[in-house]
Every structure is written in C-alpha cells, then in structure tokens.
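Asker: Each chain, letter by letter, is given below.
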Amino acid sequence: MSTDVNVKMDAIPGLDPNAMPLQVKDLHVEFRTRNGIAHAVNGVSFDLRAGETRAILGESGCGKSVTAQAIMGILDSPPGFVTGGQILYRGVDLLKLPESQRRKVRANKIAMIFQDALSALNPVFTVGFQLGELFRKHRGMSRRDAKARSIELLDLVKIPAARQRVNEYPHQFSGGMRQRVMIAMALALDPEILIADEPTTALDVTVQAQIMALLAELQRERNMGLVLITHDMGVVADVADRISVMYAGRVIEEAPVEDIYASPAHPYTKGLLESIPRLDLKGQELSAIKGLPPALTNIPKGCAFNPRCRYAQDVCRQDPSPPLYQVSPVRTAACHFWKEVKGDE
Amino acid sequence: MGRYVIRRLLQFIPTVLGTMFLLHYLTSLAIQFSGNPVRALFGDRTPPPALLEAITERLGYADPCLDQKGNPCFGLFVDRVTDVFFRFDFGINLRQREVTELVADAIPYTLKLLVIAMVFQTVVGISAGVWAGLRGGSFADNLVKITTVFVISVPIFVLGVLVREFVGVKFGNVLRGQAWVPEVIADGMFSPGFKPDYPWASLIIPGMVLGAVSLAVTARLTRTSIMENIRADYVRTARAKGLANKRVIGVHTLRNSLIPVITFLGVDIGSSMAGAVVTETIFNVPGIGRLVTFSARTGESSVVVGVVTMLVLVVLIANLLVDILYAVLDPRIRYE
Amino acid sequence: MSDLTGASTAVGGAPIGGEGPTPDEPATGGKERSASLWADARRQLVRDPVFMLAFVYILVVSSMAALPGLWTSQDPRDCSTDRSRISPSWDHPFGFNTLGCDYYAHAIYGARPSMVIAIMATSAIVLVGGVLGLLAGYYGGWVDTIISRIMDIFFSLPFLLGAIVFLTVIKRQNIWTITLVLFLLAWPTIARIIRGSVISSKDLDYVQAARAVGAGNGRLMFRHILPNAVAPMLVYATIVLGSFVAAEATLTFLGVGLQPPAQSWGIMISDHQVYFLEDPWLLLFPCGLLVGTVLSFILMGDALRDALDPKFR
Chain R
1 MSTDVNVKMD
11 AIPGLDPNAM
21 PLQVKDLHVE
31 FRTRNGIAHA
41 VNGVSFDLRA
51 GETRAILGES
61 GCGKSVTAQA
71 IMGILDSPPG
81 FVTGGQILYR
91 GVDLLKLPES
101 QRRKVRANKI
111 AMIFQDALSA
121 LNPVFTVGFQ
131 LGELFRKHRG
141 MSRRDAKARS
151 IELLDLVKIP
161 AARQRVNEYP
171 HQFSGGMRQR
181 VMIAMALALD
191 PEILIADEPT
201 TALDVTVQAQ
211 IMALLAELQR
221 ERNMGLVLIT
231 HDMGVVADVA
241 DRISVMYAGR
251 VIEEAPVEDI
261 YASPAHPYTK
271 GLLESIPRLD
281 LKGQELSAIK
291 GLPPALTNIP
301 KGCAFNPRCR
311 YAQDVCRQDP
321 SPPLYQVSPV
331 RTAACHFWKE
341 VKGDE
Chain V
1 MGRYVIRRLL
11 QFIPTVLGTM
21 FLLHYLTSLA
31 IQFSGNPVRA
41 LFGDRTPPPA
51 LLEAITERLG
61 YADPCLDQKG
71 NPCFGLFVDR
81 VTDVFFRFDF
91 GINLRQREVT
101 ELVADAIPYT
111 LKLLVIAMVF
121 QTVVGISAGV
131 WAGLRGGSFA
141 DNLVKITTVF
151 VISVPIFVLG
161 VLVREFVGVK
171 FGNVLRGQAW
181 VPEVIADGMF
191 SPGFKPDYPW
201 ASLIIPGMVL
211 GAVSLAVTAR
221 LTRTSIMENI
231 RADYVRTARA
241 KGLANKRVIG
251 VHTLRNSLIP
261 VITFLGVDIG
271 SSMAGAVVTE
281 TIFNVPGIGR
291 LVTFSARTGE
301 SSVVVGVVTM
311 LVLVVLIANL
321 LVDILYAVLD
331 PRIRYE
Chain A
1 MSDLTGASTA
11 VGGAPIGGEG
21 PTPDEPATGG
31 KERSASLWAD
41 ARRQLVRDPV
51 FMLAFVYILV
61 VSSMAALPGL
71 WTSQDPRDCS
81 TDRSRISPSW
91 DHPFGFNTLG
101 CDYYAHAIYG
111 ARPSMVIAIM
121 ATSAIVLVGG
131 VLGLLAGYYG
141 GWVDTIISRI
151 MDIFFSLPFL
161 LGAIVFLTVI
171 KRQNIWTITL
181 VLFLLAWPTI
191 ARIIRGSVIS
201 SKDLDYVQAA
211 RAVGAGNGRL
221 MFRHILPNAV
231 APMLVYATIV
241 LGSFVAAEAT
251 LTFLGVGLQP
261 PAQSWGIMIS
271 DHQVYFLEDP
281 WLLLFPCGLL
291 VGTVLSFILM
301 GDALRDALDP
311 KFR
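Chains as they are written, first to last, in this note's numbering: chain R, 1 to 345; chain V, 1 to 336; chain A, 1 to 313.
Think about it this way: if two alpha-carbon atoms lie no more than 27 Å apart in a straight line, the pair counts; the simulated DSS-like pairs of lysine-lysine are:
no., chain 1, residue 1, chain 2, residue 2
1, R, 158, R, 147
2, V, 170, V, 195
3, R, 301, R, 290
4, R, 96, V, 246
5, R, 96, R, 25
6, R, 147, V, 246
7, V, 246, R, 104
8, V, 195, V, 112
9, R, 339, R, 290
10, R, 339, R, 301
11, V, 69, A, 171
12, R, 25, R, 301
Quick list of simulated restraints, FRET-style, between CB atoms:
no., chain 1, residue 1, chain 2, residue 2, range
13, V, 334, R, 18, 47 to 55 Å
14, A, 143, V, 1, 28 to 36 Å
15, V, 246, R, 174, 28 to 36 Å
16, V, 325, A, 284, 38 to 46 Å
17, V, 317, R, 118, 33 to 41 Å
18, R, 174, V, 334, 14 to 22 Å
19, A, 261, V, 182, 45 to 53 Å
20, R, 285, A, 216, 37 to 45 Å
Note that these hints are calculated values from the structure, not bench results.
In this text, a Cβ means the ideal position worked out from N, Cα and C, and glycines have one as well.
If we strip away everything but chain R, and leave its shape as in the complex, we get (with noise of 0.2 Å):
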C-alpha cells in the first residue's frame, strides 16, 4: 500500500495551472445489464471556472449522479462503462490517466459528498479514524498530526465540542452533522473542485439552508469550484452560478442562472418551474409534467422529451435528437422550437 506524500502538481504530467479546473467534453457512459444496455449519460458537457457554482439539475434517473461519478472516477465498473467523451482537469484528460494517477487526483484535487451521510459514512470507525486516515494516507502524516489535523477540520465545518467528538461513530451525529463530517472529510486535503451530489435532499428544511450557507461560506475562502447536483429547484437558486438541465442523459439547457428562472428555453426546464407550488396561486390546481421520464434502456427516439411535451412537432418525433441551439452568447437550449417556449413568458 503506497503512501502517497506530498502530492505536488507535477507528479501529474500537462497539468496547465492556467486552463479550467474542470471541462467535460462530450461523456457517455453506458450500463450493461441483464434487460440491456442503459444509455446513462449521452453526451454531456460543461466547465467550471475557479470559484463557480455549476448547479446541474434533473429528475432522479436523469444520469447526474452518474456523470459525477465518472469525473471521480469511481463508477460500479462492471456494469459501468465510459464510452466516450473527455473529462479535463486542467487541461488532462483524467480518463486517460492510469488509475494511480487518478487515484492522487481523487481528494486531493477533486473531491465529492454524497446524498445519505449516514450510509455514505463507514458505522464502524470512528469519525476520527475516517478524517485521519486521508491525512495519514495522502499526506503521511502520524496518527497524532492527522487526529490534531482531525479535529481542526471538525471545528471549520462548526461541530461543537470537536474533541470529544472525533472519537464518535456516526451513528450518534445528527443528519446535520454527520453532513458537516462528509464536507469537512471532502475538504480535509484542500481540493480545488467540490462535487456535491445532492447534498442536502436528506435534510431538514432549516438544516438544508445551514448546510448550504456553510458550503458557501468555505467556497469562498478558498476559490473552489462547486458542483452542485440536486432536483431541488429552490437550493439552486441562492447558491448557482450557472446551470445545466439534464434529461435522460443529456444537457437539455445552459445557462446563468437568472436567465433561466426568468425565461426557460425548453419545454422541461419550463414545466419544471411551473410544477413549483406557488403561493399566488393558491387555490388552483397544482401543474405537472405528464407523464414520467423515460428507461434509460429505452430513450425514445429524437428527443427524448417528445412523449411529455406540449411543443412537440414531427420533427422532434424523430432522430437526430435536438442539437444545443445557441440561444445567447451564454445560453444553449436543446429545443428546436425554444424560440417560442422562450417567447411563451
């Protein structure tokens, strides 16, 4: 087992300080399984600058969590596949690293928190032993300087009493702080990009906004990237610089994130907005999206949003599925009539 000391930027070769801390170009990632295969992602592509918020947002199933995945490098391969596409951390294409290599990107450069804190988190070691063991393991450092360590990073995440509680085991924080655990477990070694996947849909409403205000807080201190995965339209819209809509395994919109809330371009990330509760219109019927998205074994054909959507012509019945119509200089849309979805406001 190597200790990986001191992992400096060079071990890592065409690293360019000065390109994108993330660029995916084109991923697909597929699943093959026993009713066949699942087209999971199918062409996704975003960056994210030093400092931004990226908010990629979908239904559960839409392949989010598996693009996150793969950027980690650290999909259930079988039956996960990477088919296709770049994935470019300062310029290197990580898909191309051996896994050594990626193994020194993961956490130290990228790292990631998930949905569930209390599954995510191992129930027999302590939450000190879970903290320690990235610093013993990446930085070399002894068991004493990796607990002090430990125990620092509890108090930036605001655990009380941190002390005591290093020598605690998950199971006796609250979902609030064992999500703190997680941010400060992914934070430990300084990572310049967070990639946080649906981090606050287990919580508490009032939990949800400290959780989100603390991310905020410790991005800022350190210029990080964010991605942040969710379905949750509200937590996007505080927190989001820009946004990527996804269906069925494709960016179907981009754009800042104003732009969007104030005139979607296509027909989902519309439906999306209309289906939240409105309180002026109380009273009324409360609209949603017919119908319910799509296999991923079985995407229909064109585009993969024609069954459920209200704009649908014959073209939209057939492939090629709708290319990113350019619909400003920074927004895309997949529609082909996104000029009148648009013009509906």
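Could you slot chains V and A onto chain R? The hints should help.
Answerer: Using the frame of chain R, we list chains V and A on its own:
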C-alpha cells in the same frame, strides 16, 4: 458498553435456568411415559434391589412426581439445579462413577478435535468466502456456491463415513503400502480412526470433517456479506477519498463484512458440539461425543443427561461471550 | 446435518424475516405487467433446470415412499443368508445385503419412514410454529416476550443433543417418538421466521390503512399479514424437510433412531460401513439416495427463495 454487558448478563441467567428446565422437562416427560430408566440400565440382568434403589435415589428418580404424566416436577428441578451449580454433581453412570470424572477423561480429545475444526473452518471458510465474494458471478464464485451447497446437504455422518472409508481406509492402505511415506502421515494422519500414538495427527481428518459443514456456511455467509458490503455507500465514499483498492476492501469492507461471520462462528459452537458426537463416533475418538453415543446406545440415560447438561452450559456461555463480542465489533449495538 | 439452526444459515446468511412479497404490484418505468409475485415465481422456477431436476427427484422419492409396489416387486423381508452380499445384477440392481435381502427393495421401502417422519414433523412445526410466531409478532408486548424467551431457550439447546437425550430416556424408538422430538425441538425455527415477517408486515402502509378503516385483528392477521409470511415460510419448510430427512438418518445411524427390523437409509448405512472395502455399493447406494434427497430439498428451497424474494428482482 458496561450497561450492555450487564443487561446481557441479566438475560443470561433466566436463559440458563430455562434451558436446564427444558432438558429436565424432556427427561421427566420421557420417564413419566416409559418408567424408571435405572431398571433398563441393567438390560436383561436382574440387579440386586438394594443397588437398584441406591442408584435410583442417587439420581433422584424416586421422586413421586415422576409417576404423574405431564407433571413438570419443579421440586426435582430445583434439586437438579442445586446439584449442578453448588456441588458440580452431574450424575453417575452404571458403575457409580461420577459423570464429571468421565467427562474429565474424555475432554482432552474433544478439545483437540474442536480446535482443529475451528481453525480449519475459520481460515478456509473466510478465505474462500472473500475470494468468491470479490469475484461475484465468476467461476470462483460459482465454484464456492456449488461446493458449499453440496457440503451442507450431505449429512455429516455420511460425509464422515465416506471420508473415513475412502481416505482413511482405501487411500490410507495405499500409503501404508509405500515404504517412503513417513509413519506420522501413513499411520497418523491417514488412519481411519483415532490413534493414541498420534493424538494430533490422527485427529486432523476428523477435525476437517467436523468443521466441513460450518466451513461451508462460513464461506457462504462471508461471500454474501462481502457482496452486500462491496455495493455499500461507504465503500463508494472510501474510493472517493482516493484510497487504494487494497485498503478499501481490506480495511473498510472486510471490517463490516466479518461482523456477521464472526458472530456466526461463536454461535456455531453449539452445532460443533452436536457434530462432535457424530464425528467422534465414526472415527472412534474417545471424547465426550463418543461417550454420549455409547451411553445412549446402552441406555445409560443418566450419563447422557449429565453430559448434555454440561455441554449446554458451555454453549450458553459461548453465546453470551459472542453477544458481548458483537458489541465490541459493531459500535452501533453498544449504545442501545 | 448436525444442527437445525444450520439449516437457516445454510442458505447464505440471514433468515428471511423481512419484506414479504407485495402481490399485484405493477412494474414501474417500462412495460406494465400486472402479474403477481406467485405467477412470476412459477414462471421463473419452471425455467430453472436445477429446480426442475430437484423437484422431479423429490417426486420420485415420494412415490417410492407412497407406492413402493410401483418400484419393485420384491419383498424386502424375503431374505436368506445364502444370498448374502451378492453383487448387483440386472434383476437385482442393488444386489443383496448381509442378510441376503434384496437391497434395492430395502432402499425403496426405506424411503417411507424417512419421508413420513419428515412430512409429519414439518407439518406440525409449520402449524404450531406458524401460529405462535404469528401471535408473538402481531400482539407484541408480553405475549411476544414470553414466546420469544421460550424460543431463545430452545435455540440454546443444540438439536442433536436434545434429540439424543429425549430418545435415550424414552426408550421407545419409532416413527412417532422421532417425529415428536423433531417437532419439539424445531418449531422455534419456523416461529422465528413467521414472527419476523409479521413484525415487518405490521408496519406496511396497506396494513395501517386496513386498520384505519376498521379491520379487526383476525381479519388483519389472516388476510393482510399472513400472506406476506407465506413465501419465507414455504422456502424454509422446504429446506426444513430436507434437514429432517438428514436428522432422522443421523439419529438412526447413531443408534437412537429407528431400529431394525424397520427399514431406513440410516440403518442401511450404519449396518454396512464395515463392508466397504469388499462391496462398496452396499454403502454407496443408500448414501447416494439420502444425499440426493436432502440436496434436492435444499436446492428447491434455494430456488424458491430466489424466485420469491422481491429484492432480487
């Protein structure tokens, strides 16, 4: 943790009493339906009445409650319990030797057998389970799955007899015919039964037979546990932390996977005792198991009851220790 | 098979006490199949070669037990020592045993006591264990505490040891006493399964809903909760049948089970161990039949479990 231990100890006492009562009730019921067992000890010979009475008294079979079918005989039960716990009196055999003596003579052999069986089943069982679990669906996995089903299905006495005949007798004869095979192997390890000259070597194969079923269960349990834990969220987190695969599996996964396996091994002591009865009988090992079988065949129920009582107490203590061990291994249990 | 709790762990770990099947639940996302779990299971089982082979084997053995005349015209009691240990031939496929009886006939007639004991004992424990498990799981409270403590006590007694004690003291070794001891010592196995299933079923939403519209205890128990328990119980009953066959053979082999002149595979194995070197078939035929039977029950139970456990879908 301390509270947990105390609670377990408090639960332990009624369980011990309850199990002993169960044994007692089984025997009382049987006596109530088939008469004084002491008489039958003598078979066709007619014993002198004084001797018959002496033994009957000594074993407590003179109690009038034994004439009524269904009577739980609490008084007799209390006597038994005080005998066992305060005087370590587990009864006598036909020739009026203490059961405790008989057991003391037999224990060393059984212990050796049990040690060999436990080491065998733990080491091979866990290794096979881990090997198969990490390679789900592959040849290794299917191999382990199939062989374990077979081993579990074969009743242990069939396995023992077949092993004894094929390995001990047939193969052993072949080895014994060759001059170059060292004696400890030909006469010791591959002997068809226990040989006092080779107390450890001749118990290796019987030990493996005894451990065979538990090994299969251990392997299956480990395999399932590993397969479940490999897919667990915390394993994904460990990988996301950039830890090497060896550590993710060897430290994070294994530690969780082994919890049910280790507790099973502890609880398995009970079936090992039962298995020892069969194995010792087949391989002619002069241990506790064979003592039980021979006494059962000759109808010496006093010995059978006494020895089984002792074995049950051992099993109960082992179960208690396993419960405590479980709390040590799984911190979620400690704070219940 | 030296301990019955081994049967429950034999199939890979934890006993199924968890979610029972929820029948008539349509599959989401994709083709809507309104097939129930049982129809799905039956379809899967019929296509499983291992299950079908095992099932056929059990049918064969059952017919041997029920209608031995179908399988052999020989009388197993027609023995004469001048035919002792003659090798197998076309007329007598298993040859003759030490007493000169037709061994094949012995094997056929030997199936009956084993199967009868196994079936009677299994039925008894399903009935009694099922009821007690249902009561304990459903009512909870002190009913559950008492029944559970009793179950714990029974679990602490290793099966084989308890059986030896009972059979030794009772001195009458026949089908009834063996069935009785198997039943007495093994009912907690099924009771625990049922109890676990009932406890997790109690919390299911549709049970709460039924209670909310006023369903009484009896109706809740039998129409809503018990059906969930049928699947795990069926699986375990199958496996337990196999382990009972093995247990009876073991007890008989040790000398505390059936005695000659009763016929049983256990006796055949026990009596003919010493002749292995000269006439190995005397030992191997009954071993094969016995192992085949137990293996078939266990494989059937395994296949049933895979087919009925909705988590595996």
